[in-house]
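Participant: Below, each chain spelled out in residue letters.
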Amino acid sequence: MRQCAVLETLQTTTDRTANINHSHVRGQSNVRLFGMSTFRNIVGDSEADSVLDESGDRGLVEAWSVGGLLDKDDRRRAFQVLYPRRTTDRLLRKAWTVLTALFFLSGVSAIVAANWSELNTFFRLGIMNLLYLGCISIAVYKGVETTTGKIFVSGSAFLVGMLLVILTQEFQFNIEGQWFYGVWCLLSLPLVVVARCLPLWVGWCILLRLLLASMFIHLDDDWQTRGYTLEYRTWLFVAAAALTLLIRNQYLKLWADKADWLRPSWAKFILYAELHALSVGMLVTYFNECWQAICGRSLGQGFHVYRAFLLVVLALGILGVHRRIRKQGIKAVWFLSLSVLAIIMALVFIWCIVLFGHTMPSASDLLLAAIIAFGLFVAGVRYVSIFKETNSVGSLAEGQSNV
Amino acid sequence: MSESISAPQGSIGSLLASVTQREDAEYEKLLEVATRRIAVKTCPLYLRVLIGVGATVVGALLIGMWSRNGMLSHPFPVLILGSIILAAALYLYRKTQDLEQSGLSYAITQQLSFVGVFKGKLLLVIGANGVLPYHYEELAVFLATLAFTLATYWLWDVYVDRFVSSFATIVTGIIACEELMRDAYGVGTYWVAAFVHLLLPLAVWAFLSPRVNQKYHPMAIAAVCNVGWVSILGMFSNAIGPTNWLTCFRWAADITTGFVPVGFYVVSLICMFCSIGSLIWVILWGYGRENPLKNNYVRVAVVVSLALGMTGITSCVIAILVIVIGYVAHDRLISIVGMMYLPISLFIATHSLSAGLMLNGFVLIGMSGVMLAGYFALKRWCFADDAENAVGQTRIGGEV
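Protein sequences appear in the order of chains A and B.
So for the first sequence, the numbering used here puts the first residue at 7; every next one is plus one.
So for the second sequence, the numbering used here puts the first residue at 1285; every next one is plus one.
Simulated from the structure, these hints should not be mistaken for laboratory data.
Think of the CB as a built atom: it goes at the ideal place given N, C-alpha and C, for glycine as much as any other residue.
Treat the hints loosely; a few may be bogus.
[Claimed, not checked] Here are the simulated lysine-lysine pairs, DSSO-like style, with alpha carbons at most 30 Å apart:
| no. | chain 1 | residue 1 | chain 2 | residue 2 |
| --- | --- | --- | --- | --- |
| 1 | B | K1313 | A | K78 |
| 2 | B | K1379 | A | K394 |
| 3 | A | K264 | A | K274 |
| 4 | B | K1499 | A | K78 |
| 5 | B | K1578 | A | K100 |
| 6 | A | K337 | A | K394 |
| 7 | B | K1499 | A | K394 |
| 8 | A | K333 | A | K274 |
| 9 | B | K1379 | B | K1499 |
| 10 | A | K333 | A | K394 |
| 11 | B | K1663 | A | K100 |
| 12 | A | K394 | A | K274 |
| 13 | A | K148 | B | K1663 |
| 14 | B | K1313 | B | K1499 |
| 15 | A | K337 | A | K264 |
| 16 | A | K264 | A | K100 |
| 17 | A | K259 | A | K337 |
| 18 | A | K78 | B | K1578 |
[As the list claims (entries may be wrong)] With beta-carbon atoms standing in for the labels, derived distance ranges:
| no. | chain 1 | residue 1 | chain 2 | residue 2 | range |
| --- | --- | --- | --- | --- | --- |
| 19 | A | D59 | B | I1620 | 17 to 25 Å |
| 20 | B | L1464 | A | D226 | 44 to 52 Å |
| 21 | A | S271 | B | D1308 | 36 to 44 Å |
| 22 | A | L111 | B | F1479 | 32 to 40 Å |
| 23 | A | D226 | B | F1631 | 26 to 34 Å |
| 24 | B | I1620 | A | K264 | 25 to 33 Å |
| 25 | B | L1416 | A | R329 | 52 to 60 Å |
[To be verified] Here chain B is said to cover these stretches of chain A; the calculated rule only asks that three of the stretch's residues, wherever they fall, bring their Cβ under 8 Å from a Cβ of chain B:
| no. | region |
| --- | --- |
| 26 | 104-117 |
| 27 | 334-343 |
Chain A extracted, bound-state conformation (with noise of 0.2 Å):
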């Protein structure tokens, strides 16, 4: 009782001076204070499993302090933990020196652009190899295995193509766009096994896509091949996609205790969304095609057996992911979020196909359109929202059994 009263005072003592806003969910009393994280109120949920191990931060402190449950030296020391000396200046000292040197090497760049037309072949030649080794050496000085070593195996992988930007401009190569980031894939491909850095392999992973999406351009050429190019190259971001997760699936098993680099899951969030966004895009086209074959509407390149043999694969296979990421239970949340995302939108184009088939669509096609495409996203709201409340319980309940 006492405690309550209190919690009442301080309740009234923070409302006062911090602008608490109060709002009543199902009758209890949700109290918002200030200075809760961008990130937190951004992504919403928190994974800690308890309120010991949430992250403390500036906004915490001051509301004990503002409620009085804290007098100056017990704020002091609240602070050194949030804030402590030696991480500070660590700190500090890092983002000083990264400082210093982005200024300045910015500042070379920008004179070294302005007079690029005075420099000869030899010196614009010269700065890039002196740049790429300077990166290498440093690299190898301070250890692959250390951030800033990461960071200038990062610096010369990119400076693998700039040397190559500059030896094709110099001595006129002219080389196809395939050619170019092809060689720039291979010669970096060792700094990228080498450095073990996550971001640089999501890099190496876009540039491999720069290059896949150059090939195939001979088809562009012809307007009787041109329909297959864009079939052809997203065949080959789909393969892409599907190896290296195979690869880094089967690299974490195998060495699980040298692999904690790979481990976050953002990049595999990232490889899963293109898997999931061609695959739709592929799907919808085929269906497309089917459809018109079904309605005897007259195609371009005519009707292909196994592009309705890929339709079913395709369908199969997103089905297949959908299911098996289901089973992960509630750390792949955000994964089925993205599946469902997918599956709803395949649908709704497909409908959209039946629905309006080859002509522009009435107002009532348009409204029948929407109210389908409404009730899919309230199912799949529903379906995830019903997935996470029964694996949350279902996760909670196992860890009390065994307490």
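Chain A is already provided as a structure; the job is to place chain B on it using the hints.
Facilitator: Just chain B now, with coordinates in the frame of chain A:
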């Protein structure tokens, strides 16, 4: 001092351990406040993304339907319809607060309210675009954006929507101001940059001050984002920022020949002082005690900020300001945004041809020199663990 509670560094557990003991009465009260604070759980992001995409798809199809019916060609009915839909959506959103999150009715009402808000806002903008006569479309769009932001900001408790609405209001306001000033007075649009930069100190204060409610944070962040892009745009197009002290030898000639108006330099100076002032205020505020200038950390930081700011590359100073705000407010996302903004502003600075590549190059090297001098000053006075520095506690640096 306290019993050691095994908790990660910087966690609530470690904070509690630093200020109280588990058996103390205070412990429960502190934990209660922390628990109630943590209990604020909005709908998770993945669900909001799903709902948001759904709202966009359904809204686009409905707008398509109305467009096909020819309803969008009459602005007043569109405005009225938009207002009604927005009001209904807000009412629905308030209703969802009482519903169970995993229930079907929650999913339906939440989805409906998102569709309604998206569509209502879009209709208001479309309608407003046709209400005022030719040449005043920008003003009409700004007024509509302002109206729906004011109508929804306090009622629709969604962080991202508050940010997007505020951002859109400021952007449309900037565009409308530019058009009006150009039409009415024929003055250069660079004056708008000065007005926008004046928002910077205000936004920084709104974000950091504990007296300002957290609900205004999205607005503050939107204002800082707008200052950021206006600063970049200014530097890219007519070199507001890089042209001040170091090009002063050109001023007399430029002004007398009328090649560059005087206002251009005034605007440049306003932008510069707004950014320097904000950065210095954040440093002083971050110290958290009286007489901050007595502290070596603060003194060096203020001098370096002044020196960096005086070189005139405003966007770089804004980037540093955002990083420092993120650190002081313990808000990692803000710091990351600042870190991403810095290379962009440096890239623009090194490609800003109106100020000259050579000049910019020298300015940037000068800035690195200032930073280096600041580093050595810090190393000499602050990083060394001498007793002279142990004067108190800062928000930035722990015990100093």
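Participant: Each hint needs a verdict: does it hold in this structure or not?
Facilitator: Consistency of the hints with the structure:
1. B/K1313 with A/K78: Judged against 30 Å, a Cα distance of about 17 Å means the pair holds.
2. B/K1379 with A/K394: Within the cut-off at roughly 22 Å; holds.
3. A/K264 with A/K274: With Cα atoms ~18 Å apart, A/K264 and A/K274 stay inside 30 Å; holds.
4. B/K1499 with A/K78: holds (28 Å)
5. B/K1578 with A/K100: Given that 30 Å is the threshold and the Cα spacing comes to 25 Å, the pair holds.
6. A/K337 with A/K394: holds (10 Å)
7. B/K1499 with A/K394: holds (28 Å)
8. A/K333 with A/K274: holds (17 Å)
9. B/K1379 with B/K1499: holds (20 Å)
10. A/K333 with A/K394: Since the Cα atoms of A/K333 and A/K394 sit roughly 13 Å apart, the hinted pair holds (cutoff 30 Å).
11. B/K1663 with A/K100: holds (12 Å)
12. A/K394 with A/K274: holds (21 Å)
13. A/K148 with B/K1663: holds (22 Å)
14. B/K1313 with B/K1499: holds (25 Å)
15. A/K337 with A/K264: holds (22 Å)
16. A/K264 with A/K100: Holds, at about 27 Å.
17. A/K259 with A/K337: Satisfied, since the Cα-Cα distance of roughly 19 Å is no more than 30 Å.
18. A/K78 with B/K1578: holds (20 Å)
19. A/D59 with B/I1620: 17 to 25 Å: holds (22 Å)
20. B/L1464 with A/D226: 44 to 52 Å: Given range 44 to 52 Å: holds, Cβ gap about 47 Å.
21. A/S271 with B/D1308: 36 to 44 Å: holds (40 Å)
22. A/L111 with B/F1479: 32 to 40 Å: holds (34 Å)
23. A/D226 with B/F1631: 26 to 34 Å: Given range 26 to 34 Å: holds, Cβ gap about 32 Å.
24. B/I1620 with A/K264: 25 to 33 Å: holds (28 Å)
25. B/L1416 with A/R329: 52 to 60 Å: holds (55 Å)
26. 104-117: Answer holds; 12 residues pass the 8 Å Cβ test.
27. 334-343: Contact hint for the region 334-343 of chain A vs chain B: holds, 3 residues under 8 Å.
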